[in-house]
Amino acid sequence: MQNDGLKTFAENTKSLKRSLKESVRRYQWPPNSDREKSQVIFQNFFLHIQSARIHKFSLKPWYTMGLGLASFFLFLILCVTGVLLMVYYNPTTGLAYDNVRDIGFVVAAGKYMRNIHRWAAHGMVAAVLLHMVRVFYTGSYKRGRGFNWLLGMALLVITLMLSYTGYLLPWDQLAYWAVTIGANIAASPRELTDALGLTQYFDLGAFQKQILIGGNTVGQEALTRFYLLHVMVLPIMLITLVGVHFWRIRKDGGLSRPDNADEIIWREEGVELKNGSGAKGQFNLNTGKTYGLMALVRDKSPQLDKGPDNTIMTWPVGIWAEVAVFMLTLAVMTTLAYFFDAPLKEIANPSIPENPAKAPWYFLGLQELVSYSAFMGGIGIPATVLVGLALIPFLDRENNQFGVWFSGSEGKRIAINSLIFSSVFLIAFLAFTVKVGWLRSWFPDIPQIVIVFVNPGSVMVLAFAWWSLHNLRFTGSTRLAAIALFTCFLAGFVILTIMGTYFRGPNWDFFWSPSQWPLH
Amino acid sequence: MSKHDHDEDINRRDFLGKFAVGSLVGAGSMAFIGVIQLPLPKVFNEAPSVFKIGFPSDFQVNTYKTIPEKNVFVLRDNTGFKALSAVCTHLGCIVSETDWGFTCPCHGSRFDKQGAVTGGPAPKALEWLRVSLAPDGQLMVDLNRKVNAADALAV
Numbered sequence: 000m001q002n003d004g005l006k007t008f009a010e011n012t013k014s015l016k017r018s019l020k021e022s023v024r025r026y027q028w029p030p031n032s033d034r035e036k037s038q039v040i041f042q043n044f045f046l047h048i049q050s051a052r053i054h055k056f057s058l059k060p061w062y063t064m065g066l067g068l069a070s071f072f073l074f075l076i077l078c079v080t081g082v083l084l085m086v087y088y089n090p091t092t093g094l095a096y097d098n099v100r101d102i103g104f105v106v107a108a109g110k111y112m113r114n115i116h117r118w119a120a121h122g123m124v125a126a127v128l129l130h131m132v133r134v135f136y137t138g139s140y141k142r143g144r145g146f147n148w149l150l151g152m153a154l155l156v157i158t159l160m161l162s163y164t165g166y167l168l169p170w171d172q173l174a175y176w177a178v179t180i181g182a183n184i185a186a187s188p189r190e191l192t193d194a195l196g197l198t199q200y201f202d203l204g205a206f207q208k209q210i211l212i213g214g215n216t217v218g219q220e221a222l223t224r225f226y227l228l229h230v231m232v233l234p235i236m237l238i239t240l241v242g243v244h245f246w247r248i249r250k251d252g253g254l255s256r257p258d259n260a261d262e263i264i265w266r267e268e269g270v271e272l273k274n275g276s277g278a279k280g281q282f283n284l285n286t287g288k289t290y291g292l293m294a295l296v297r298d299k300s301p302q303l304d305k306g307p308d309n310t311i312m313t314w315p316v317g318i319w320a321e322v323a324v325f326m327l328t329l330a331v332m333t334t335l336a337y338f339f340d341a342p343l344k345e346i347a348n349p350s351i352p353e354n355p356a357k358a359p360w361y362f363l364g365l366q367e368l369v370s371y372s373a374f375m376g377g378i379g380i381p382a383t384v385l386v387g388l389a390l391i392p393f394l395d396r397e398n399n400q401f402g403v404w405f406s407g408s409e410g411k412r413i414a415i416n417s418l419i420f421s422s423v424f425l426i427a428f429l430a431f432t433v434k435v436g437w438l439r440s441w442f443p444d445i446p447q448i449v450i451v452f453v454n455p456g457s458v459m460v461l462a463f464a465w466w467s468l469h470n471l472r473f474t475g476s477t478r479l480a481a482i483a484l485f486t487c488f489l490a491g492f493v494i495l496t497i498m499g500t501y502f503r504g505p506n507w508d509f510f511w512s513p514s515q516w517p518l519h
Numbered sequence: 000m001s002k003h004d005h006d007e008d009i010n011r012r013d014f015l016g017k018f019a020v021g022s023l024v025g026a027g028s029m030a031f032i033g034v035i036q037l038p039l040p041k042v043f044n045e046a047p048s049v050f051k052i053g054f055p056s057d058f059q060v061n062t063y064k065t066i067p068e069k070n071v072f073v074l075r076d077n078t079g080f081k082a083l084s085a086v087c088t089h090l091g092c093i094v095s096e097t098d099w100g101f102t103c104p105c106h107g108s109r110f111d112k113q114g115a116v117t118g119g120p121a122p123k124a125l126e127w128l129r130v131s132l133a134p135d136g137q138l139m140v141d142l143n144r145k146v147n148a149a150d151a152l153a154v
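Chains as they are written, first to last, in numbering that gives the first Met the number 0: chain Y, 0 to 519; chain E, 0 to 154.
Bear in mind the hints are in silico, worked out from the structure with no lab data behind them. Here a beta-carbon is modelled for each residue, glycine too, at the ideal position from N, C-alpha and C. Accuracy of the hints is not assured; some may be wrong.
Coverage of chain Y stretches by chain E, computed from C-beta distances (three or more under 8 Å per stretch; other residues unrestricted) [said to hold, decoys possible]:
1. 23–31
2. 200–212
3. 219–232
4. 245–251
5. 348–354
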């Protein structure tokens, strides 16, 4: 008996490598059959958020352009570089700036990590915005995906908040004044309550500002709070919602694709269908179909003798595509970080603002708007736009032309018309306000409440809303009206951002180029 | 007990289940109301709002003097001493003195020499602050006490 025990022990020791491997990887390796390939996905915690099979159409690069995945990968890059930066960073007003300088000049690879973190943060904002644009124009918020669109909106807001909170941490001039402006935007409902004489009863502005920065001016409390939000609260919220966002895509039957996705693939692959009607070769199941009984998802089921199924196993081709997007994202970020250094201005000085004090590019459109009215530009219009965006799937419920860019040629025409209308209108209007001024230049004693509601920003929103209603009346289609409105606001965002970035100088005056800026 | 009373009753399992969920919701909302007060600061860890700015003889008549690190302009005119806040009423940047009065670098608000808005997005005039005399003969400014533009400390 003792001999047997020793023998078993010896054998177990010999096969230790194999049994360890098997306890981790409980599937056949390398996988050969479809069943084994599906096990690779199902049995892996991180991979099982995606389905075991994907449609060939989803691999087309020009459809999604990998933007959603790129946003997620940028977030992962930000997590890794962010943790590395935390090794040396202390969120105190006395140390923060010196720490960031040390990271730039003393810490091995510190400058490179900070550069990657900076450009990945900018890249993530850009990727999330472009991803939203893609999802909107392909109509992918339709057919039960409305909630996922809402999650996407929440993720956009969290991404912007992550950028904003991260902006303060270097504690330089740019950080200090951008956050002072932001905190006072939070306090700007006072503009409205002051005008209505309500401030003494209910000071919403002061409440919001104090809860955000923990004081009346940006100082240590603000830095502590922003650090906490930046490294803990917001990333946890983001990763949780991203999980739900991905899971919903899988439950909704994978990435959106047009109804004729199968025909497109068959045509490309030269598949000949036996009978003409076979092009429709699928039937709808109300309950959806099962993949190895792992989950019931909303999708169509393939039908026998009606043309080949156009789904393929996710392993390995789908994973290759994802890794390719990751490598491309990483390559762009490391290259940018190699050639361009993250800026760091002088240490924060609460007495002398930067002139001009410019926020990062994605907030410069907003900064242009707050230069008309703090409350309307900083809270009123952004809130209106966010609520408007969130309601799109519920106000436009047309379910045809799903997964098609611009919902077809009519939508493309509306988008181009809207682009021309909004650009011409907004550029002419901005030129007018720069040249002639606005209400206060004509009537110096005008009450503030009039400026809050009648300013270039609110006029722009009204013009865009009118254009969209006009299109709704003439086309009778909520989808086309949504395309008109979305295109207007997209063009508005781009034009205001360009205005704030390139044509505003000291004292937020208009200049054709920074070379004309006066000495200040 | 009549039959009617039995219909109104809910059974024990339903009662316990609803009680559990109800207590969760109740406790959760009470906890939220309590906890939301935590991040609202009761004490401000900031520089004192009342500070000395020097002796009256340090100030020339009819010029605005900047007080370092305090974001206040002090004016001595023939009525006495006045203090004008340099914090823009728009979004809190610090205005600088110009030929026509004051201008804000962040969004271009303009104010005249009396702090009244002459252009830009600022919703109201720059604030005049109370100036008083400390026992040691220095002037003091109180950031939390707003006064009218005409109020001056005659010395």
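Practice task
Report holds or violated for chain E covering the region 348–354 of chain Y, Cβ cut-off 8 Å, minimum 3 residues.
Solution key: holds (count 6)
Problem - Whether chain E covers the region 23–31 of chain Y (at least 3 residues having a Cβ closer than 8 Å to its Cβ atoms) - result: Coverage by chain E is violated for the region 23–31 of chain Y (0 residues, Cβ < 8 Å).
Handout entry: Coverage of the region 245–251 of chain Y by chain E, judged on three or more residues with CB within 8 Å
Key = violated (count 0)
Problem - Check of the region 219–232 of chain Y against chain E for coverage (Cβ-Cβ below 8 Å, three residues minimum) - result: Coverage by chain E holds for the region 219–232 of chain Y (3 residues, Cβ < 8 Å).
Problem - Coverage claim, chain E over the region 200–212 of chain Y, checked by counting residues with Cβ within 8 Å (three needed) - result: Result for this restraint: holds, n = 3.
Checked against the numbered hints above, the structure violates hints 1 and 4; every other hint is satisfied.
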